[in-house]
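Chains as they are written, first to last, in my numbering: chain C, 5 to 277; chain A, 18 to 307; chain D, 39 to 409.
Honestly, the hints are just simulated from the structure, not real lab data.
Keep in mind it's a predicted model, so treat the numbers as computed, not measured.
In this text, a Cβ means the ideal position worked out from N, Cα and C, and glycines have one as well.
Hints should not be assumed to be uniformly reliable.
Using C-beta positions, here's what the derived DEER-type ranges look like [what the hints assert, rightly or not]: (1) D:ASP162 / A:SER105: 40 to 48 Å; (2) A:VAL277 / D:LEU233: 47 to 55 Å; (3) C:ALA55 / A:PRO50: 55 to 63 Å; (4) A:VAL277 / C:GLU67: 34 to 42 Å.
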Amino acid sequence: MTFRRLRIAALLAASTLLAAAVSGCAPGPSGNPAASGTPQRSGTLTVFAAASLKATFTRLAAEFENRNPGTTVTLSFAGSSDLATQISQGAPADVFASADTRNMARLSDAALIHGQAVNFATNVLEIAVPAGNPASISSFADLARPGVKVVVCASQVPCGAAAESAEREAGTVLKPVSEESSVADVLGKVVSGEADAGLVYATDVKGARGKVEGIPFPEAGKAVTTYPIAALEGSRNKELAAAFISLVAGSDGQKTLADAGFGAPPAEVRPSQ
Amino acid sequence: MKAGQRRSPGAYTGIPSWIYVVAAAGGLLVVLPLAAMVAKVNWAQFIPLVTSESSLTALGLSLRTSAASTLLCIVLGVPLALVLARGSFPGQRLLRSFVLLPLVLPPVVGGIALLYTFGRQGLLGRSLEVLGIQIAFSTAAVVLAQTFVALPFLVVSLEGTLRTAGGRYEAVAATLGARPGTVLRRVTLPLVLPGLASGAVLSFARSLGEFGATLTFAGSLQGVTRTLPLEIYLQRETDADAAVALSLVLVAVAVTVVAVSYRGPRRPPAGPFGSERRTTAVPARDRSVQ
Amino acid sequence: MSFRMEAAVAARGFDLALTVGPGETVAIMGPNGAGKSTLLAVIAGLLHPDSGRAEMGGRVLFDLGSGRSTWTAPHHRGTALLAQEPLLFPHLSALENVAFGPRSRGESRRASRKTALHWLGAVDAGGLAGRRPAELSGGQAQRVAVARALAADPGLLLLDEPMAALDIHAAPLLRRLLKRVLAGRRAIIVTHDVLDALMLADRVIVLEDGRIIESGPTRDILQRPRSRFVAGLAGLNLIPGTLTEHGLTTAAGQDIAGQHDSILDTEAAAAGPGVEEWSGLDAGAAAPGQAGVAVFPPSAVSVFLTEAHGSPRNSFPVTITDLEPRGDQIRVRAGELSADVTPAASADLGLAPGMAVFFVIKAGAVSVYPA
C-alpha cells in the first residue's frame, strides 16, 4: 500500500517539476535586477505593440539594442484589444503601444499604466485597391457604386469605427461584402483580389506596396486614429521602459514612423522632448 | 502491494492505478477551462446578450451552414470512404493522405487554399465567375470552408466502420443475386449506419466550430458569412461578456448535438456475469455491426 | 447441363479442373491452405483466376486467358454461397434475409415474402421469421442462412464449412437438414469433417497445394486412401513407397509385407455419377516398381518393447510421441503411425512419450495398392 502511494507521490512531484520547467521557459519581464540603476542600461524589455506597428517597432527595437548594448527587446504584436486583455490578465510586459486610445484607457482605468501615456503617432484611413484598380475607384463615393465589392473592418474594432465616421463624414452609405475583425484581414482580401476595394490605414497601403494601390480621401481626415504608448505598472525595469518610449516619441522614432506612413501625433499632447 | 490488485466493485479492468491520475489530469485540462469560462458568465445579462439580434443571426447562420456542410460531407464523403475502404487502385494511399490532410492543417491554410481555388482570381473561381457564380463573400463560401475541414471526420469514421464490417456481407449478397447498387443500398449502407451517423455528427460539430478557414475565405458579414465563432471573435474586441455568453451557447449546442447522436463505440450487451461476453451462439462480428 | 470449370491462380499455386453433374453434391476436403476456399471464391466470382474457363448449363461464367475474355459478375452466376458463419444481414429480420435473393432477382415484395416463408418452412424455421439475427442461436441463424441461399434458387450451391462454427448439438441437426435439402441439388461443400462427406456428398475431391490429389465416391476414397491426409480422415495408417511382389518398399529402403488388394474393382464400377473423373482405380494391374501405398488400421498394430520375429510380420522401431484415450482403447502415436492398445496393455508395457518401442503388424492386415 505504502509503496503505491509513494509511486503516485513521485509521479505528482515529477509532473509539478515538469510544469515548473515549462513555465520557466518563458522569458521574464526584466533581466538582471542587479544591473538596474547603473548608468549603463541593460536587461530585457518586453514590448506589446499593435499589429500595425510591426515593421516600425521591429526597426526601432534593433536601434534601441544598438544604442544600449546588453539590452534585449522582446516584441509581441497582436490586435490592441488582445494585448490589453493579456496585460490585464497579468501578461509580463514592460511597454504597451496601442493603435487606439480606448484600449489604453482601459488599462489606465485599471491602474495598470505607470505614469502618463504618450501619443506618438496617428494613422488615417485610405482606400486600398488591388494592383491595377480593376473597379476604377477614385473617390470614397465610388465605393458605394453597385457591384463594387468593398471590405471594411467591423465597427467593433478601431479601423471599423474610423470607417464608420468616414462614412458619416462623406455622407455615403457603404454596403460592404464583409466586415472583418482586423485590418490585416481587410488588406488580405484586397491583395488577393477578392475585394475591389478595402478601407485600411495609410501605413497598411505603404506596407503592401506593389500589391495594392492607395487612394487617399479627404473624409479620412476627420477620423484620425491616435497611437498612445505607456510603461506598465507591472514592469520590473521601468527605467528601460522609459528609455524605449523616449526613442519612439523622439526625433529618430518619429522619422522611422513617418517613413512608414504614420502621421505626427496631435500637437497639444506632444511630449516636450 | 501491486497497483493491479486494487479492489474495485466492478469486474477486473487491468488498469494500473496511476493511469487514473494521469487520466484525471487529462480530463481536467479539458474541463477546467470550460468551467473557468462558465464562471466568467455574466448571468444577469446572459439572456439579453445571447438573444441580441446579431447573436441570434449568427447562431441561426451557424446551424444552417453546418447542416448544409454536413449534408455535403455525406454526399461526398460516403463515396470517398467506400472507395478508400473497398476499392483497390493506384494512388489509394496518397488519396487517403490528402483527404485526411485538413485534419492536421491549420484551418487558415485551408482558407487560403480555398481562396486560390474558388476565389475570384482562383483556379475554378475565374470560370465560375464567367458562369455568373460568385462564391467569395457568400454563404456558399462558408459551407465550402466548413465542408473542407469537416469532410475528413466523416471519411475517417465511415472508412473505419467499413473496414470493421468487412466485405463478407457484400460478397454473400452478391452471390444471392444482388447487383452492386442493391448491395450498397440494402446491405453496405445499413450495416455502416452507426459509423455514418457518428461521422456526420462529428462533421456537424466540426463545421459548427469552424473559424479560421471561414475568416480567411468567406469574410464576415452579419447574416451572410458571420457564423457564431466569428461573432464571438468580433464581440471579444468590445464586449467580453457577450463573447463569453456566446461561447457558452456554442459549447452547449455542440455538447447537445454530440450527446444526442453520438454514443461512442458500443459495448457488447452485458450477460448474466456483468460485462462478460457471450462467446457461443452468435459470432461477435454479427453484433458489432448492428 | 453440367458445371465445368478449370482455373489457375498463380499467386496461390492453384490449378485444377472440376466437373459437377446436375443434382450431384461434391465434397471438397484437404488440409488448411489446400485451396478449398480459393475454389469457392473463383466459382462464386469473388476472385479472378489468372486463366481458365467455367460454364454452367451452357452459360459461360468466365473464360480468361484465351484471347477475348468473358467475366460474369457474381450476381449473375447463380452460385449462392453459404459460409461458415451465417452472415445474416443484421439489420433485416430472418424473413427479410431469406427474401433478399428473390427480391434481388426482381420478385415483388409479396412474392418474395411467399418464397421466403416457403424456404423458412423447409428448414424448420418458420417460427423465426420475425426475429432479428441477433435474437437467433448459432444453429438457428445457420438454418436461416441455408434457407436464404436456397431461396436464391442457385444453379450451384456453395457451402464453405457450414457446420464448423456450430456447437456439437447444433451441428448434427444442420447436417440432417442439409442432407434433406441437398438431395437432388447441385452443390459443392467444403468440409473438414469426414462425416459431412459421407452423409451429404456423392463424391469427394481431395485438394492439396491447389491440386486435386484424390477424387471418387466417398466410400471408396476412405476405404482406399492414397494420401496421408485421407488416411488420417479414415483413421488408417498409410506408408507410401514402391510396389514389390510381396508388398512395398519405402523410400528409406524398408520392406513392408502386405496383401495386394484388388477387392474394389467391382464396387468402383457401380459407384454412380462422377467416376469418369477417377481413373486410377485399377488395382488388378498393380505391377512391381509402380508407386504405391501400404495401408493398415491402428487396431492391427501391436506394440512390443523388443523386436518380435516370426513371419510374416512387419516390425518398425519407433519412438512414442503421444498417448491419448480413444474410446476404450489407448491410441499410441509415433510420428505418422498409430497403434491402438488396451489400457491394460499400455500399463503393462509402461508406455510413455519418448519411449522407443516396436510397432508390429501382421502382413495379412496390410493392404498394398497403387497410389
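Hint by hint, here is what the structure shows:
no. : hint                            : in the structure
1   : D:ASP162 / A:SER105: 40 to 48 Å : holds, 41 Å
2   : A:VAL277 / D:LEU233: 47 to 55 Å : holds, 53 Å
3   : C:ALA55 / A:PRO50: 55 to 63 Å   : violated, 25 Å
4   : A:VAL277 / C:GLU67: 34 to 42 Å  : violated, 59 Å
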